[in-house]
Amino acid sequence: MRASSSSSLPTRSPLSVLRWLVLAVMASLLSACGYNDFQAQDEAVKAAWGEVINQYQRRADLIPNLVNTVKGYASHERETLEAVTKARAAATSIQVSPETLNDPEAFKRFQQAQGELSGALSRLLAVSENYPQLKADASFRDLQSQLEGTENRITVARQRYIAAVQQYNVLARSFPTNLTAMIFKYPVKPSFTVENEKAISTPPAVKF
129 MRASSSSSLP TRSPLSVLRW LVLAVMASLL SACGYNDFQA QDEAVKAAWG EVINQYQRRA
189 DLIPNLVNTV KGYASHERET LEAVTKARAA ATSIQVSPET LNDPEAFKRF QQAQGELSGA
249 LSRLLAVSEN YPQLKADASF RDLQSQLEGT ENRITVARQR YIAAVQQYNV LARSFPTNLT
309 AMIFKYPVKP SFTVENEKAI STPPAVKF
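If you're matching positions, the sequence shown starts at 129 in this note's numbering and goes up one per residue.
It is worth saying that the hints were derived from the structure and are not from the lab. Misleading hints may appear alongside valid ones.
Said to hold, decoys possible - In silico SDA-like cross-links for lysine to any residue, where the CA-CA straight-line distance does not exceed 25 Å:
| hint | residue 1 | residue 2 |
| --- | --- | --- |
| 1 | K174 | V298 |
| 2 | K174 | T305 |
| 3 | K174 | P226 |
| 4 | K313 | F166 |
| 5 | K236 | G247 |
| 6 | K236 | V284 |
| 7 | K174 | A241 |
| 8 | K174 | V316 |
| 9 | K174 | A291 |
| 10 | K236 | A176 |
| 11 | K214 | A168 |
| 12 | K313 | K214 |
| 13 | K174 | D231 |
| 14 | K214 | S225 |
| 15 | K174 | K214 |
All figures in this text were calculated on a predicted structure; none of them were measured in a lab.
Turn these sequences into a full structure, and let the hints guide you.
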């Protein structure tokens with residue numbers, strides 16, 4: 129006797145159907161509550177942060193040659209030269225990664241160290257103005273040019289990071305996406321703090 133065609137079709141249990149319905153509803157809720165937006169914004173913040181780190185590292189790489197060049201013409205400016213060297217050592221000793229963005233204190237230490245290095249560099253460049261032979265040195269002028277370009281890229285990278293964090297933090301603080309942030313552990317990200325916006329776009333002066 130031939131079995132009926134309907135008996136050969138796979139059947140879903142009520143529990144299986146319910147499971148799929150729950151998954152579909154959860155996917156819809158996650159989309160409505162900004163989960164996908166959080167993922168996209170989080171990646172944007174990490175990418176902007178990576179560029180900030182790269183540009184600060186580029187600046188750190190230029191400093192040893194800059195210090196040695198200045199030392200050749202202004203060796204008695206020992207205090208200023210040592211200040212730059214120490215500030216660089218302090219800045220590069222801080223380990224940073226994407227996880228730094230989840231640690232406000234670590235971020236603050238990084239920002240402070242980089243700010244102190246910027247100040248030390250500004251003083252060194254100001255001192256160099258007193259040495260015409262140093263200013264005429266081809267290597268020094270090349271380093272100045274590279275440093276100026278790097279400082280400008282740092283400024284741009286910082287501004288992009290600040291913009292990315294602002295967009296991310298709006299999601300993290302607004303209802304109902306703040307509920308998604310709590311459930312999936314998307315904390316508010318730290319940003320660079322300055323007294324005013326002008327300070328962000330004012331790198332150490334590099335004169336020719």
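Status of each hint after checking the structure:
Restraint check: the Cα-Cα separation between K174 and V298 comes to about 16 Å, which is no more than 25 Å; the hinted pair holds. Taking the CA atoms of K174 and T305, the gap is about 20 Å. The hint holds against a cut of 25 Å. At most 25 Å may separate the alpha-carbon atoms for a hinted pair to count; K174 and P226 meet this at roughly 6 Å. Annotation: proposed proximity of K313 to F166 holds, straight-line Cα distance about 10 Å (limit 25 Å).
Our distance criterion of 25 Å between C-alpha atoms is met by K236 and G247, whose separation comes to about 16 Å. Note on K236 and V284: the hinted pairing holds, with a Cα-Cα distance of about 19 Å set against a maximum of 25 Å. The straight-line distance between the Cα atoms of K174 and A241 is roughly 20 Å, inside the 25 Å bound, and the hint therefore holds. A C-alpha spacing of about 13 Å is found between K174 and V316, which places the hinted pair at or below 25 Å, so the restraint holds.
The suggested pairing of K174 with A291 holds, with an alpha-carbon distance near 12 Å, which does not exceed 25 Å. As the CA atoms of K236 and A176 are separated by approximately 17 Å, the hinted pair is consistent with the 25 Å bound. The suggested pairing of K214 with A168 is violated, with an alpha-carbon distance near 38 Å, which exceeds 25 Å. For the hint linking K313 to K214, the alpha-carbon distance of about 37 Å lies beyond 25 Å, and the restraint is violated.
Between K174 and D231 the alpha-carbon distance is near 14 Å, which keeps this suggested pair within the 25 Å criterion. Distance check on the hinted pair: K214 and S225 sit about 22 Å apart at the alpha-carbon level, within 25 Å; holds. Simply put, K174 and K214 have alpha-carbon atoms about 29 Å apart, too far for the 25 Å limit, and the pair is violated.
The structure fails hints 11, 12, 15 (numbered hints given earlier, in ascending order).
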